[in-house]
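Build out the structure end to end from the sequences listed, making use of the hints.
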Amino acid sequence: MPEELDPVIHAPARLRVVASLAALGRGDEVAFPKLRKLLDMTAGNLSTHLRKLEDAGYVRVTKTHEGRMPATYLALTDTGRTAFADYQAALMDLLKGAQG
Amino acid sequence: MANDPTSGRPAEPGDSADLDPAETLRMIRQQQEAARDATEPDGRVLFGAWGLAWLIGYLALWSTARDTGTPAAWAGWVLAGCIVGATGLTVAHSVTRTSGTRGASARVGAMYGWTWFLAFTAYGVMLGAMGDAGASSEVQAIAANGFACVIVGLLYLAGGMLFEEVRMYAIGGWMLVTAALAAFAGMPNTYFVMAVAGGGGFLVMVAVEQVIRARRRSPGTAERTEGRGA
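Chains as they are written, first to last, in our numbering: chain A, -8 to 91; chain B, -9 to 220.
Hint data in this document are derived by calculation from the structure and do not stem from the laboratory.
Because the structure is a prediction, the values reported are computed rather than measured.
Where a beta carbon is used, it is the ideal one built from N, C-alpha and C, also for glycine.
Any given hint might turn out to be false.
Listed next, with one range per pair, are the computed distances between beta-carbon atoms [what the hints assert, rightly or not]:
id, chain 1, residue 1, chain 2, residue 2, range
1, A, Ala62, B, Leu166, 40 to 46 Å
2, A, Ala62, B, Gly163, 38 to 44 Å
3, B, Asp122, A, Thr55, 47 to 53 Å
4, B, Gly75, A, Thr55, 33 to 39 Å
5, A, Thr53, B, Ala112, 36 to 42 Å
6, A, Glu(-5), B, Ala112, 55 to 61 Å
7, B, Ala148, A, Pro(-2), 43 to 49 Å
8, B, Arg34, A, Met60, 30 to 36 Å
9, A, Lys54, B, Gly163, 43 to 49 Å
10, B, Asp27, A, Ser38, 20 to 26 Å
11, A, Gly48, B, Val85, 32 to 38 Å
Partial pick of chain B residues on the chain A-facing surface, computed with a CB cut under 10 Å [as the list claims (entries may be wrong)]:
id, residue
12, Ala12
13, Thr14
14, Gln21
15, Gln22
16, Gln200
Given below as structure tokens:
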């Protein structure tokens, strides 16, 4: 059963990252500290998961400067949005199957 | 989300929960609600602030204008204080919620905020010019109330289109109706219409937002939870 589900998204921590980013409007980005606070994860843990999501092409990481401070912004790519929608559809199918 | 059992542990690359689709969908819904709460203004706070400001401010004007036909000076200050308070709360709340985000929504939101400022600056200048031109206090009261409703109504209609928020669009339409009602109510009832139809309209939206939130949170509505644009 689980092999139908996208393994990149399926890890609970990454699912929470993707779900949060999907709640943003298309074309919107969130700063790393804000996302970290929202998810209540350590910076190292979040970075690890973001790298995996970036490698899969689901998350876009933008490094920039605000004044003299480096800043990192995260956004879900179109591929990531599609993958998340597919993941939810698969869950709904499993749910219907379990009930039906 | 602090009580989420999945958040604390160091998730490994292959880490996968025992699969419970219903539980997973519920977790997604909760996480997205938390994300929206962290990045978008809460309609209940904004509608509530403006509803109370109009209700208290215009009731003060109406209650003091009932006997003499013109509102007392202190009532005018009460309204001014309410408007300043609601504006301050709106700006502080919106800035806090949207800080740490950037992109299309942030740009549109900033322009939308400045539009309110520009519109009400022009409103003040126009009312001043009408006074200078000799408009009676009754004409000025009708203009002040009617134009305020027209500006609020049109900007909420615009906000409804911009943010694809049907509720914003609805309150915009209602404010245009209020403009007409307030204009024809005459003195001093125009202030009563502003308080009850205008302020009351905002407060009804607080209740509507609350109902929608409760419904979104309840089980059995897991069909579409992927957020806007997805």
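Checking hints one by one. Is B:Gln200 an interface residue toward chain A, by the C-beta closer than 10 Å rule? Violated: closest Cβ of chain A sits about 20 Å from B:Gln200, beyond 10 Å.
Range agreement (Cβ of A:Pro(-2) with Cβ of B:Ala148, hint 43 to 49 Å): About 44 Å separates the Cβ atoms of B:Ala148 and A:Pro(-2), which means 43 to 49 Å holds.
Between A:Ala62 and B:Gly163, does the beta-carbon spacing fit 38 to 44 Å? holds (41 Å)
That 20 to 26 Å hint for B:Asp27 and A:Ser38 (C-beta), does it hold up? With Cβ atoms ~24 Å apart, the hint holds.
Verify the CB-CB distance for A:Gly48 and B:Val85 against the hinted window 32 to 38 Å. The hinted range 32 to 38 Å holds for A:Gly48 and B:Val85, with Cβ atoms some 33 Å apart.
May I ask you to test the hint 36 to 42 Å on the CB atoms belonging to A:Thr53 and B:Ala112? holds (38 Å)
With 10 Å as the cut and Cβ atoms as the points, is B:Gln21 at the interface with chain A? holds (4 Å)
Are B:Arg34 and A:Met60 spaced within 30 to 36 Å by their CB atoms? Taking Cβ atoms as reference, B:Arg34 and A:Met60 lie about 34 Å apart, which means the hint holds.
Does the Cβ pair A:Ala62, B:Leu166 satisfy 40 to 46 Å? holds (42 Å)
Pairwise beta carbon distance, B:Gly75 to A:Thr55, judged against the given window 33 to 39 Å: holds (36 Å)
Hint validation: B:Thr14 versus chain A, beta carbon distance must be below 10 Å. Holds or violated? Since chain A brings a Cβ to about 6 Å from B:Thr14, closer than 10 Å, the hint holds.
Are A:Glu(-5) and B:Ala112 spaced within 55 to 61 Å by their CB atoms? holds (58 Å)
Against the hints set out earlier in the document, a violation occurs for number 16 only.
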